[in-house]
Amino acid sequence: MSSLRRALVALGLLAFLLGLLTAALVMTSDHASPRGLLLALVLAAGWSFAFTGLYAWDRRPQNNTGPLMTAAGFAWFFQGLSASNNEWIFAIGIVGQNLPFAILIHLLVTFPSGRLRTRAQTLAVGLAYLATGPLSLIWALFTDPSTQSGCERCPENPVLIGGFEGLANAINALQAIGGSVSIAIGIGLLYRNWRRSSAAERRVLTPVFLTGGTAFTVLLAELIIGELGVPHTVQVVTFVTAVAIFACLPFAFLLGLLRSRIGRVEEVSSALSAENEQLTAELQTKVEELRASRHRIVEAGYAERRRVERDLHDGAQQRLMALTMTLRLAREKLDADPAASAELLDEAMEELAAATAELREFARGIHPVVLSDRGLAAALGGLAERSPVPVKVAAAPAERLPMPVESAAYFVVAESLTNVARYSGAEAATVRVERRNGTLEVEVSDDGAGGADPEAGTGLRGLADRVAALDGSFAVRSEAGEGTTVEARIPCG
Amino acid sequence: MPKSVLIVDDHPGFRASARRMLEASGYEVAGEAGDGETAIAACGELGPDLVLLDVQLPDLDGFEIAARLQALERAPDVVLTSSRDRADLGEAIAESPACGFIAKADLCGPALAELVG
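So the protein sequences, as listed, match chains A and B.
Going by our numbering, the first residue of the first sequence is number 1, and it counts up by one from there.
Going by our numbering, the first residue of the second sequence is number 1, and it counts up by one from there.
No lab work stands behind these hints: they were computed from the structure.
Computed from a predicted structure; not experimentally measured.
Think of the CB as a built atom: it goes at the ideal place given N, C-alpha and C, for glycine as much as any other residue.
Worth double-checking, as some hints may not be accurate.
Each pair of labels, with its calculated beta carbon distance range [claimed, not checked]:
#1 Ser4/B / Arg360/A: 54 to 60 angstroms
#2 Glu309/A / Leu72/B: 31 to 37 angstroms
#3 Arg74/B / Arg422/A: 34 to 40 angstroms
#4 Glu23/B / Asp335/A: 15 to 21 angstroms
#5 Leu72/B / Leu290/A: 55 to 61 angstroms
#6 Arg306/A / Ala113/B: 35 to 41 angstroms
#7 Asp85/B / Glu282/A: 48 to 54 angstroms
#8 Ala113/B / Ala428/A: 55 to 61 angstroms
To give an idea of the interface, some chain B residues facing chain A are shown, with a C-beta separation under 8 angstroms as derived from the structure [unchecked claim]:
#9 Ser4
#10 Ser17
#11 Met21
#12 Thr38
#13 Lys104
Please model the entire structure based on the sequences and the hints provided.
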């Protein structure tokens, strides 16, 4: 059972017990009348709101209507508390007895989401809570219940501040005005919502608004009647009618909420919109990453060309320059000193062999011809053979793969092995390249010092970009003392 | 008395070939330097008649070194050299106080003699 459902079950149990308490209070009351009718209504409204509210809460946890209905159910029990013969419980009941009406206004004007969205909604709901909450409390401080019509046998008010009947009446009038204005705005909002809704929405809204609108109208009538000072019996009848209608209301709410897709659609739409925002943000990040990576690839291209020029200039070109001078000298000495000339020619041949080897190595660095001619396995074998650190090629694909994939995998291994030889202090390294589920998995691990920082040099970053350009992923694991493992996954169809 | 020469180049292989070529052509090699600062210090110390100066060195630009050598009390003749073409270096050769430029591929005794006598 989820934690929400456990809480809801506990609330349901509490509502049931409060109902029983209310029943006891009403049936033993000295002043409540008619007792049976009052009890039936309070229990009907309280339990129906609480239980349907909890059910709606469970079914639509994202929607506020369920919690509001539950709150209205609990608020009804204030009516029961006001039946108590204990002066303190009676006082609490008196203060809170009109609260359910405010919650109902809240429920109706915000149906089906239960969320306040417009100023008119906030005004109607705010006025309702003001009249039934804080104003009710202040009123109770200055009111002697025994002076109220139909309450001659009520307990004494334990917090009464006597001698302010005028103030009490003024507050009462203020409550009536606030409540009436709130209800009037509420009826206006219901009418406007109903008019704006589509035919499908009306099928759902009509029962709720019809029941709610009628209840409001009766409530408004009750407020006005109360102010006009009509006999207590008339007030009781009006009140009973209003409560009877209110008791039906939760079923209309529940029916509307469950049958409608409106609440659902609203939740889905809000979830979609949140998801959309998140996707847009993710996309933006991706675009920026892509832009940075593209920039780095172009930069790397230029850097590579500069490196090629510098390597050629510092390496083979210098050797060839020296060779030219040696050969020129050999020719000058050819007649006068043939032995010295022969010696110079030998030297020139050595120089030429060195220049050739250097050029071969250099060309391999630009593009290894063995890779395009004989494939990845042969090229990896060559890398392992030339590595100063012993390398074991544990796995290499025998079949040919797309050239960009072979090339990226080759350079991941080549650069990683260069790093192993230069920095790791490793005694052995293992290369594993396997094709699995349409992905070429490349792994180079060593038993060296570890602690390599992929952000520090341009080499690893360049590899990451190269792999990313093929929609692959690249990772370096290099805990200090644990060796280094470079991993690349390249989609290869 | 043979002219003394300081060879300035960051490639030891080239310095060795140049030394052999210069000696075969009747010059006396006073010393070698692998970078600009060492070259300027060696000039003050050795006072060579001629400096064979590579344009591209790890620390200083050959043209800058030529200008600084010009300010010495006994300013040596400077011949610039490079594995690049004259065209690659542009106006800088003409504007420099050096006697002239010989591409490394053309470097030999007669070419040097033509520039510095």
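Q.
Hints numbered earlier in the text: which of these fail when held up against the supplied structure?
A. 1, 3, 9 and 12
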